[in-house]
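**Q** Work out the full structure, taking the sequences as your base and the hints as a guide.
As they're listed, the protein sequences go chains A and B.
Counting the first sequence from 1 gives a position; the numbering used here is that position plus 1.
Counting the second sequence from 1 gives a position; the numbering used here is that position plus 6.
I should point out that these hints are in silico values taken from the structure, not numbers from a laboratory.
Honestly, I wouldn't trust all of these hints.
[As the list claims (entries may be wrong)] Have a look at the derived ranges for each label pair, beta carbon to beta carbon:
(1) B/Val71 with A/Lys234: 40 to 48 Å
(2) B/Lys82 with A/Gln257: 32 to 40 Å
(3) B/Gln22 with A/Leu260: 41 to 49 Å
(4) A/Asp241 with B/Val71: 53 to 61 Å
(5) B/Gly38 with A/Thr42: 29 to 37 Å
(6) A/Gln235 with B/Gly90: 30 to 38 Å
(7) A/Leu68 with B/Gly90: 30 to 38 Å
(8) B/Lys82 with A/His71: 16 to 24 Å
(9) A/Met121 with B/Phe17: 28 to 36 Å
(10) B/Ala27 with A/Thr42: 19 to 27 Å
(11) A/Lys126 with B/Phe17: 48 to 56 Å
(12) A/Val133 with B/Ser84: 21 to 29 Å
Glycine included, C-beta positions come from ideal geometry on N, C-alpha and C.
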Amino acid sequence: MGGLADGTDQAMFLDPAIRNWVLFPITVIMVLVGVFRHQLTILMAGEPPKPDVKDIRQGKALLRGQLVAHNNSYIPTAAFVERKRHLCQAYEEGEYLKNKASKDQGAANLMADPKAMESMMDGMKKQMMGIVPQTLIMGWIQFFFSGFILIKLPFPLGLRFKQMLQSGIMTPNMDVRWVSSLSWYFLNLFGLRGAFALILGGDNSADGTRDMTAMGTMGAMGQQPGQPQDFHKQFLSLKDSLSIIYHEWDLANVEQRVLVKYGKQTRLFKSSSSSAAR
Amino acid sequence: MADTSEIYKYFEPTVQHNTLALSNIHTLTSWGVGTAAGILGLTGWNGFIFFMANWVVISLLVLAVKCEGRPSVYFKASIMDVAGTPLLNTLLSYVLVWTLMHALVYIYD
Numbered sequence: 002m003g004g005l006a007d008g009t010d011q012a013m014f015l016d017p018a019i020r021n022w023v024l025f026p027i028t029v030i031m032v033l034v035g036v037f038r039h040q041l042t043i044l045m046a047g048e049p050p051k052p053d054v055k056d057i058r059q060g061k062a063l064l065r066g067q068l069v070a071h072n073n074s075y076i077p078t079a080a081f082v083e084r085k086r087h088l089c090q091a092y093e094e095g096e097y098l099k100n101k102a103s104k105d106q107g108a109a110n111l112m113a114d115p116k117a118m119e120s121m122m123d124g125m126k127k128q129m130m131g132i133v134p135q136t137l138i139m140g141w142i143q144f145f146f147s148g149f150i151l152i153k154l155p156f157p158l159g160l161r162f163k164q165m166l167q168s169g170i171m172t173p174n175m176d177v178r179w180v181s182s183l184s185w186y187f188l189n190l191f192g193l194r195g196a197f198a199l200i201l202g203g204d205n206s207a208d209g210t211r212d213m214t215a216m217g218t219m220g221a222m223g224q225q226p227g228q229p230q231d232f233h234k235q236f237l238s239l240k241d242s243l244s245i246i247y248h249e250w251d252l253a254n255v256e257q258r259v260l261v262k263y264g265k266q267t268r269l270f271k272s273s274s275s276s277a278a279r
Numbered sequence: 007m008a009d010t011s012e013i014y015k016y017f018e019p020t021v022q023h024n025t026l027a028l029s030n031i032h033t034l035t036s037w038g039v040g041t042a043a044g045i046l047g048l049t050g051w052n053g054f055i056f057f058m059a060n061w062v063v064i065s066l067l068v069l070a071v072k073c074e075g076r077p078s079v080y081f082k083a084s085i086m087d088v089a090g091t092p093l094l095n096t097l098l099s100y101v102l103v104w105t106l107m108h109a110l111v112y113i114y115d
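**A** Written out as structure tokens, the structure reads:
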């Protein structure tokens, strides 16, 4: 199976016309379409939407609460208790909410918020940019370049792939390594990512495989592009998690710990500053 | 307390630059290695062993020459970032070029 190419496996030679008119054109077209998509995406992106101050404040207030909860051991107990008290009261009263009056009405209707609409449209446009070229190229290849063998893979694959890679060719005995043009398309799809990074820089929109994964997650997530978040509920749950933290300052009693470590003192004495938060 | 140069491996633009440079190195060398494998007529497992052997050599070269022996200065995850993360992408590039060259030399008249 391995080793250098020998004559015992099905030796066939292909017409060089296939190479000139199918192999190279498919690769060239894929590269060009990738570059074209990248430029078009840049053109269509336009101005990033200017966010609202209240929107940002909402998000940052949530983040701050999470940070306090996460890093509570780095500040002394008194400081933590003060922050906790202030934040919990603010969350309870909806101080940071964008629309304080409607805090009890649940998640805002998606259509009512124009900014959310715009960002959703943008996301959908980007998705279109991704899916459409791939589908078009696949269709074009199926239409023009089906029904013949294009290339032989240097490595073997299982028999299950025969149907996918040799689609359109009715030969039950031919080695799976002889494949049709569609598999060349797939090879290019995965292999040209490095080339695109080379030509277009790291953050390029020419990557076909990223759209495939995006399609998968979009289907799984349903219709949630992040906007219908009920901040009030999140604030309340954060308030709960802040309340139940058992606070212990990392630097409590640190003078004694250092002395004990260097042998100047034999044991720790309990001091009042090391008690946990009430 | 930490060396100021350590900040740069966490700073987003420099991380991107380093990753891109590494990716370019791997792309170009995998094209070269793929061409060699195709012309030599390697098939099956030999092709992959050839790839892995070259991968080790090239990773060592990158560590020694580009990173000057200290990958932790340039990358967060040190050796894993240099030799582990780009592996799959490079493998796909390699397979593409290997298939192409092998076909050009041996399959077409």
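**Q** Look at each hint and say if it fits the structure.
**A** Against the structure, the hints:
1. B/Val71 with A/Lys234: 40 to 48 Å: This hint is violated: roughly 55 Å between Cβ atoms.
2. B/Lys82 with A/Gln257: 32 to 40 Å: holds (36 Å)
3. B/Gln22 with A/Leu260: 41 to 49 Å: holds (47 Å)
4. A/Asp241 with B/Val71: 53 to 61 Å: holds (55 Å)
5. B/Gly38 with A/Thr42: 29 to 37 Å: At 31 Å between Cβs, range holds.
6. A/Gln235 with B/Gly90: 30 to 38 Å: About 37 Å separates the Cβ atoms of A/Gln235 and B/Gly90, which means 30 to 38 Å holds.
7. A/Leu68 with B/Gly90: 30 to 38 Å: holds (31 Å)
8. B/Lys82 with A/His71: 16 to 24 Å: Given a distance of about 20 Å, which is inside 16 to 24 Å, the answer is holds.
9. A/Met121 with B/Phe17: 28 to 36 Å: Check passed, 32 Å falls within 28 to 36 Å.
10. B/Ala27 with A/Thr42: 19 to 27 Å: holds (24 Å)
11. A/Lys126 with B/Phe17: 48 to 56 Å: violated (32 Å)
12. A/Val133 with B/Ser84: 21 to 29 Å: With a Cβ separation near 41 Å, A/Val133 and B/Ser84 fall outside 21 to 29 Å, so the hint is violated.
Violated hints for the displayed structure, listed by number in ascending order: 1, 11, 12.
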